[in-house]
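**Q** The chain contents come next:
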Amino acid sequence: MDGPASLQGQRPLWHSGETLHDPVATKTLGFFLYMISDALIFAGLFAAYAVLDQSMNTAGGPTPAQILHPAAAFWQTLAVFGSVYAYSMATVALKYRNRGAMMLGMAVAFALGLVFIGLEIRDFLDLIAQGAAWTRSGFLAAFWILIAAHGAHMAVGLLWMAVMMMQVMVLGITGDVVTRLLNLRLFWQFQAAVWVCVYVFVYLRGVIV
Amino acid sequence: MSAHHDESPLQHAEVQQASGLGYSLGFILSTAFMLAALLLTQARALAPLPLLLSISAIALLALLSQSLLFFRMDFSAAHVWKTVSLILTVPLFILSIGLTVWMFHYLDGLMVMGPEMPGMGMQPTLLQ
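So the sequence lines, in the order shown, correspond to chains A and B.
Quick note on numbering: the first sequence equals residues 845 to 1053 in my numbering.
Quick note on numbering: the second sequence equals residues 2 to 129 in my numbering.
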């Protein structure tokens, strides 16, 4: 340390006056930290599933290999990845202030998200028809909760997307609307990352073990 | 984080990070990785453990490609805090899932009670 004279001209470590904050970056960082805490919820659910998908936890009911169909679930993979891709492309249109292309991207993302939810509901109804409801065994309880938790996130994301489409139409591309669109992009892309784990560690692993 | 009060929100780094090429690559790679994992599983080309390790590695690659191409994780001024917070969270994922599985793996071993252990089956559990 050369003494205070050497600090002249450098940025202070802190100061008590008013500082300018970047509201978009601050809000998206805050939302990202929230998403990470949400990811830890999924870590807990995956941990519970990894414990309960053993044969001793099926209580005489169906095993993972009997109820999981990875090839059929690949359509859900395509739907969720396609939806995330469409929404991401909508934000490329936002970058160029092309409102029509952005709304088109959001509409496609919304439709593919609905396809995903529809496929998941169909799977759930099939499971109930087979007597494989969540009350049947510890394994099925963990399976239902994990899959439904992701499905609930998708449903909330679709609701959010519908609200954002209305806000873009009514309010236009304002600073707040842009921030919300960016946060929704984080949220929606996060669903694709969770689905990678669900597809590999539930659907594929289920027919191997 | 830099101040952008006087700029259009569309000039913000997080809006400008949107890349059609990056997102297209992210979508193609994610789909290709999942398809590869599916085909590998259906072909049963490997024994169960190597197969599990292989599809786990493929999942890791898919997550990595999404982190880089969808989330645009890097160490630029606009993204460094998100990247660092994500990196610091990865050990928490591994610990929470790994330790839980490890605990119950050994618990399962201790709970195997055969007829050679009379009376053990009548021990009350903590929940009874």
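Derived from the structure by calculation, the hints contain no laboratory data.
Each hint should be verified, as a subset may be incorrect.
Beta-carbon label-pair distances, calculated as ranges [claimed, not checked]:
id: 1; chain 1: A; residue 1: Thr870; chain 2: B; residue 2: Gly23; range: 22 to 32 Å
id: 2; chain 1: B; residue 1: Leu61; chain 2: A; residue 2: Leu877; range: 20 to 30 Å
id: 3; chain 1: B; residue 1: Asp75; chain 2: A; residue 2: Ala915; range: 18 to 28 Å
Computed footprint of chain B on chain A, listed as stretches where at least three residues anywhere in the stretch have a Cβ under 8 Å from a Cβ of chain B [what the hints assert, rightly or not]:
id: 4; segment: 988-998
id: 5; segment: 1039-1048
Quick caveat: nothing in here was measured; it's all calculated off a predicted structure.
Glycine included, C-beta positions come from ideal geometry on N, C-alpha and C.
**Q** State for each hint whether it applies.
**A** Consistency of the hints with the structure:
1. Thr870/A <-> Gly23/B: 22 to 32 Å: Given range 22 to 32 Å: holds, Cβ gap about 24 Å.
2. Leu61/B <-> Leu877/A: 20 to 30 Å: Roughly 23 Å apart at Cβ, these two residues keep to the hinted range, so it holds.
3. Asp75/B <-> Ala915/A: 18 to 28 Å: With a Cβ separation near 36 Å, Asp75/B and Ala915/A fall outside 18 to 28 Å, so the hint is violated.
4. 988-998: violated (count 0)
5. 1039-1048: holds (count 6)
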